[in-house]
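Let chain A serve as the given structure and place chain B on it in line with the hints.
Residues per chain, in single letters:
Protein chains: 2
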Amino acid sequence: MKKKLLVIGAVAAGTSAAAKARRQDPEMEIKVYAEGEYISYGGCGLPYFVGGRIDKKEKLLARSIEEFAQQGIEVKALTRAINIDTEQGKVSFLNLSSGHCFEEAYDNLVIATGARPYKPDLPGVDLKGIFNLRTINDGLNIKNYLHQYQPRRAIIIGGGYIGLEMVENLMQYGCQIILLERGRQIIPNMDEDMAGIVQQYLESKGVEVHTDEIIREFGGTQLVSELHSNKGRTPVEFVLMSVGVQPNSEIAAQAGIELGINQAIRINDRMETNIQGIYSAGDCAVVNHLLSGEEVYIPMGTTANKQGKVAGENAAGGNAVFKGVLGTGIARVMEMEIARTGFCEKECLRRGIEYISHTIKGRTAAHYCPASGDIWVKLIMEKNTRRLLGGQIVGYNGAGKRIDVLATAITTGATVDEIIEMDLAYSPPFSPVWDPVLVALNQF
Amino acid sequence: MKKKLLVIGAVAAGTSAAAKARRQDPEMEIKVYAEGEYISYGGCGLPYFVGGRIDKKEKLLARSIEEFAQQGIEVKALTRAINIDTEQGKVSFLNLSSGHCFEEAYDNLVIATGARPYKPDLPGVDLKGIFNLRTINDGLNIKNYLHQYQPRRAIIIGGGYIGLEMVENLMQYGCQIILLERGRQIIPNMDEDMAGIVQQYLESKGVEVHTDEIIREFGGTQLVSELHSNKGRTPVEFVLMSVGVQPNSEIAAQAGIELGINQAIRINDRMETNIQGIYSAGDCAVVNHLLSGEEVYIPMGTTANKQGKVAGENAAGGNAVFKGVLGTGIARVMEMEIARTGFCEKECLRRGIEYISHTIKGRTAAHYCPASGDIWVKLIMEKNTRRLLGGQIVGYNGAGKRIDVLATAITTGATVDEIIEMDLAYSPPFSPVWDPVLVALNQF
Numbered sequence: 009m010k011k012k013l014l015v016i017g018a019v020a021a022g023t024s025a026a027a028k029a030r031r032q033d034p035e036m037e038i039k040v041y042a043e044g045e046y047i048s049y050g051g052c053g054l055p056y057f058v059g060g061r062i063d064k065k066e067k068l069l070a071r072s073i074e075e076f077a078q079q080g081i082e083v084k085a086l087t088r089a090i091n092i093d094t095e096q097g098k099v100s101f102l103n104l105s106s107g108h109c110f111e112e113a114y115d116n117l118v119i120a121t122g123a124r125p126y127k128p129d130l131p132g133v134d135l136k137g138i139f140n141l142r143t144i145n146d147g148l149n150i151k152n153y154l155h156q157y158q159p160r161r162a163i164i165i166g167g168g169y170i171g172l173e174m175v176e177n178l179m180q181y182g183c184q185i186i187l188l189e190r191g192r193q194i195i196p197n198m199d200e201d202m203a204g205i206v207q208q209y210l211e212s213k214g215v216e217v218h219t220d221e222i223i224r225e226f227g228g229t230q231l232v233s234e235l236h237s238n239k240g241r242t243p244v245e246f247v248l249m250s251v252g253v254q255p256n257s258e259i260a261a262q263a264g265i266e267l268g269i270n271q272a273i274r275i276n277d278r279m280e281t282n283i284q285g286i287y288s289a290g291d292c293a294v295v296n297h298l299l300s301g302e303e304v305y306i307p308m309g310t311t312a313n314k315q316g317k318v319a320g321e322n323a324a325g326g327n328a329v330f331k332g333v334l335g336t337g338i339a340r341v342m343e344m345e346i347a348r349t350g351f352c353e354k355e356c357l358r359r360g361i362e363y364i365s366h367t368i369k370g371r372t373a374a375h376y377c378p379a380s381g382d383i384w385v386k387l388i389m390e391k392n393t394r395r396l397l398g399g400q401i402v403g404y405n406g407a408g409k410r411i412d413v414l415a416t417a418i419t420t421g422a423t424v425d426e427i428i429e430m431d432l433a434y435s436p437p438f439s440p441v442w443d444p445v446l447v448a449l450n451q452f
Numbered sequence: 009m010k011k012k013l014l015v016i017g018a019v020a021a022g023t024s025a026a027a028k029a030r031r032q033d034p035e036m037e038i039k040v041y042a043e044g045e046y047i048s049y050g051g052c053g054l055p056y057f058v059g060g061r062i063d064k065k066e067k068l069l070a071r072s073i074e075e076f077a078q079q080g081i082e083v084k085a086l087t088r089a090i091n092i093d094t095e096q097g098k099v100s101f102l103n104l105s106s107g108h109c110f111e112e113a114y115d116n117l118v119i120a121t122g123a124r125p126y127k128p129d130l131p132g133v134d135l136k137g138i139f140n141l142r143t144i145n146d147g148l149n150i151k152n153y154l155h156q157y158q159p160r161r162a163i164i165i166g167g168g169y170i171g172l173e174m175v176e177n178l179m180q181y182g183c184q185i186i187l188l189e190r191g192r193q194i195i196p197n198m199d200e201d202m203a204g205i206v207q208q209y210l211e212s213k214g215v216e217v218h219t220d221e222i223i224r225e226f227g228g229t230q231l232v233s234e235l236h237s238n239k240g241r242t243p244v245e246f247v248l249m250s251v252g253v254q255p256n257s258e259i260a261a262q263a264g265i266e267l268g269i270n271q272a273i274r275i276n277d278r279m280e281t282n283i284q285g286i287y288s289a290g291d292c293a294v295v296n297h298l299l300s301g302e303e304v305y306i307p308m309g310t311t312a313n314k315q316g317k318v319a320g321e322n323a324a325g326g327n328a329v330f331k332g333v334l335g336t337g338i339a340r341v342m343e344m345e346i347a348r349t350g351f352c353e354k355e356c357l358r359r360g361i362e363y364i365s366h367t368i369k370g371r372t373a374a375h376y377c378p379a380s381g382d383i384w385v386k387l388i389m390e391k392n393t394r395r396l397l398g399g400q401i402v403g404y405n406g407a408g409k410r411i412d413v414l415a416t417a418i419t420t421g422a423t424v425d426e427i428i429e430m431d432l433a434y435s436p437p438f439s440p441v442w443d444p445v446l447v448a449l450n451q452f
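If you read the sequences in order, they're chains A and B. Under the working numbering, think of the first position of the first sequence as 9, with each following residue one higher. Under the working numbering, think of the first position of the second sequence as 9, with each following residue one higher.
Okay, chain A solo, but in the shape it has when bound:
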């Protein structure tokens, strides 16, 4: 008899799981249920959709329900999973259009319910003009608001990747922008010195950066009009909250599925939960950190795709493994590129790892090339083993993707000495004769 795979969630991890399961087993029955209206969309493109660089929401959609149907995958949107019965092997759903409930049996289940924006419990947080950016509808709502109200002062709360990308994209609307961060530096997953370079750049472009600022309340009658914090009151006409996400793991927890760090669903390297036949992947799940072997919660689109693929393959009888991540990340804000991988100094200190760190400033191309930009490369090496543990890069004109060289070296467990004289590609438009990555390695 044909087996039946049920997938809950249809953005990155869920659709990857379904597509891979289909390739693994052409016969299996595969059904995917999505709570949202849109499926299989590139959520990481939303800042550029708001900014107008991506002109139509359709461009964010990777595959349609019809395309999945052609592969023999049935996808239903606007359907919320409300209960998992692991004994009986069935899931209860609520059809959000009709209001009807129904049940669906499964042989194997992939939980890819994603995450939702963390919403602080603050007075006034529900005022109009305060937004999250997580779904296509969020993006549409923000665009409509910006066009209708033409705010002159916008506050972005949270100095992570989304916050930075939104700085660039809100600038298209001519707003005065404040980037507000409760910690002492923006980009919390980088070290303060590197984040400081980005902060200076933002300030040079007219962005106000507030650090160590903790919000207490939003003021306004119907529309948000001011923000109260430990630093005082700031008038504001638009607020974007980008202070992180929390996993949609409640339905799993209720079903007796074990949770891990940050209340995310605990999985092993085969994406298996503690209950046989039930897999999880994406922003609702934990992931293994390759350097520490620790369970971490670093929700990322790339990881969701990789975990989804492995979950789908295994849920269809395969035997795939996803070993984990290095916490690699990259973002662009205007001309500046910002990237990191592995451990930063803070993470080494927290773990008691003895390390040596060097930072260099170089150029991304030969000094006589017009496309040459400044680049700062910070490397962190474990003191005893001389293994490369981490890299951080900020700069212009092709700086950012150089982080992949460091991610590759860390993945293979390379020592600094193995790669110090590597044969990296050089010609004047692409690099100085000593690539800045090599210049940094040569400091050790």
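Don't read these hints as lab results, they were simulated from the structure. Any given hint could turn out to be false.
One copy or two, it doesn't matter: identical chains are merged, so the pair holds either way.
[Claimed, not checked] With a straight-line cut-off of 30 Å between C-alpha atoms, the simulated DSSO-like cross-links for lysine-lysine are:
(1) Lys65 / Lys369
(2) Lys391 / Lys331
(3) Lys369 / Lys331
(4) Lys84 / Lys151
(5) Lys11 / Lys331
None of these values were measured; they are calculated from a predicted model.
For chain B alone, coordinates are given in the frame of chain A:
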């Protein structure tokens, strides 16, 4: 007593050696003699100097004679080394300005005499309008000629990196350009399928590409006016010869220093020749291929700098090693980026290595980003060990430097399986959610 280091040659390897020797030993006497007029210049920038993207020759100069003097390094230009007496430890020089000869004793010697363009022995090869591009004076001569004669048809002989870069830069002069290659494909150090993509691109931009064409003679009275080949006669008003270089190793050979492949000076991983106290580095010397352990001749600016640094350190009492190269290379022609590292299929076949190869076509950024360009990635894996052996990339918008990820993986001896799910950096302006390098790795 202070030791004395003599360096012959003052472009990439020679100046790197002198500078590193000075850092290694602040006391040593260091003298550098250069045959040319210009020292310490970025020869790889010459195509862009011809094309006018680099407006002044001074921009190509890294360090001046005065700057070296400040470091206690005496540099003399226009001085040709004519004999090395390894018994007595002295070098005879000819001052090209005065015509006088003199001798200079050394304790240690670094031979960094570079290479010269290979000049085929063909009738008419000395006609005016036929050029090489190796030195700053070559660049100046070409610019003068192009401005004075405004040729309408230009032929570039040799489809390697310099030839490709000169296509782009000659286009600034509005010439009709023919790229001529005696082999069956352009870019001889890549495979035919990848070179074919570049050829198609060049043709789409109006460049005529002639392959399998062997020149027999150049015609013309004073200025070159036509080219005779196995394919017939072609009218032409400008010819650039870029058919490779040969090492300036004669002076070493005469002194009893052992030569290796391509008549280049044989050195070990400490840059030592067979004669104690004599080192060599740069385009006059061989280099070790990291994959095969074979001695190869792949003259490159990056390698010259690395070898020079090691030669200088060791010649000043240090103990440095340069392990070798992967034959990594990169070039840009108009919007197209072309890069390679490790072995290509041809090289595997020649060595009898059993391999598996896959090529994918992908995008350099998320499909909805304006900066997203096509990219082709070809990977070669050793069949038994599953080690990555080589990579070739062509494409647009940030395609080329992705080769460094492959160079890093090959340097560390990574198998395809170790890096197949690597945590490379993703955000929409930089990559699709599956970086094309990972897409290619996932084919194995």
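Next item on the list: Since the copies are identical, ignore which copy is meant and state whether Lys369 and Lys331 lie within 30 Å (CA to CA) inside a copy, between copies, both or neither.
Entry: between (33 Å within a copy, 26 Å between copies)
Next item on the list: State whether the alpha carbon distance between Lys11 and Lys331 is at most 30 Å within one copy, between copies, both, or neither.
Entry: Cα proximity of Lys11 and Lys331: one copy only (27 Å, versus 55 Å across).
Next item on the list: Measure nothing new, just compare the shortest in-copy and cross-copy C-alpha distances for Lys65 and Lys369 to 30 Å and report within, between, both or neither.
Entry: between (39 Å within a copy, 25 Å between copies)
Next item on the list: Can you give me the call for Lys84 and Lys151, within, between, both or neither, at a CA distance of at most 30 Å?
Entry: within (27 Å within a copy, 66 Å between copies)
Note to self: At most 30 Å between CA atoms: does that hold for Lys391 and Lys331 within a copy, between copies, both, or neither?
What the structure shows: So Lys391 and Lys331 pass the 30 Å test inside a copy (25 Å) and across (23 Å) alike.
In terms of the numbered hints stated before, the structure departs from none.
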